[in-house]
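Residue numbers are given in the numbering used here: position 10 of the sequence shown equals residue 10, and the series is strictly consecutive.
Calculated directly from the structure, the hints in this document are not laboratory data.
All values derive from a computational prediction rather than experimental measurement.
Each hint should be verified, as a subset may be incorrect.
With a cut-off of at most 35 angstroms between alpha-carbon atoms, the simulated DSBU-like pairs for lysine-lysine come out as follows [said to hold, decoys possible]: (1) K26 x K1; (2) K47 x K31; (3) K43 x K26; (4) K43 x K31; (5) K31 x K1; (6) K26 x K47.
So the derived label-pair ranges between C-beta atoms look like this [to be verified]: (7) S54 x G18: 40 to 46 angstroms; (8) V55 x K1: 53 to 59 angstroms; (9) S4 x V55: 54 to 60 angstroms; (10) Y30 x T9: 28 to 34 angstroms.
Every residue, glycine too, gets a C-beta built ideally from N, C-alpha and C.
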Amino acid sequence: KGTSFEDLTQDELDAIVGEINDTPMKLLGYKTPNEVWDEEIAKLQSKAASPNTSVALTN
Numbered sequence: 001k002g003t004s005f006e007d008l009t010q011d012e013l014d015a016i017v018g019e020i021n022d023t024p025m026k027l028l029g030y031k032t033p034n035e036v037w038d039e040e041i042a043k044l045q046s047k048a049a050s051p052n053t054s055v056a057l058t059n
């Protein structure tokens, strides 16, 4: 709180974000945010790759 990021370079900001995203978190079941992100993207890609084979018939 109360920290200014004005004087940080983009590389320094990227390093800070990288550190946060690579830190395991209890809220995420001790996975890192990057791990959870990768899992969610894989789920979405899997759904997109498998076509929906169900057909809804309406009258």
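How the hints compare with the structure:
1. K26 x K1: holds, 21 angstroms
2. K47 x K31: Roughly 23 angstroms separates the two Cα atoms, so the pair holds.
3. K43 x K26: Within the cut-off at roughly 22 angstroms; holds.
4. K43 x K31: holds, 16 angstroms
5. K31 x K1: Distance of about 25 angstroms is within 35 angstroms: holds.
6. K26 x K47: Measuring from Cα to Cα gives roughly 28 angstroms; hence the hint holds.
7. S54 x G18: 40 to 46 angstroms: holds, 42 angstroms
8. V55 x K1: 53 to 59 angstroms: Holds, at about 55 angstroms.
9. S4 x V55: 54 to 60 angstroms: Check passed, 58 angstroms falls within 54 to 60 angstroms.
10. Y30 x T9: 28 to 34 angstroms: Between Y30 and T9, where Cβ atoms are some 31 angstroms apart, the hint holds.
The structure agrees with every numbered hint stated previously.
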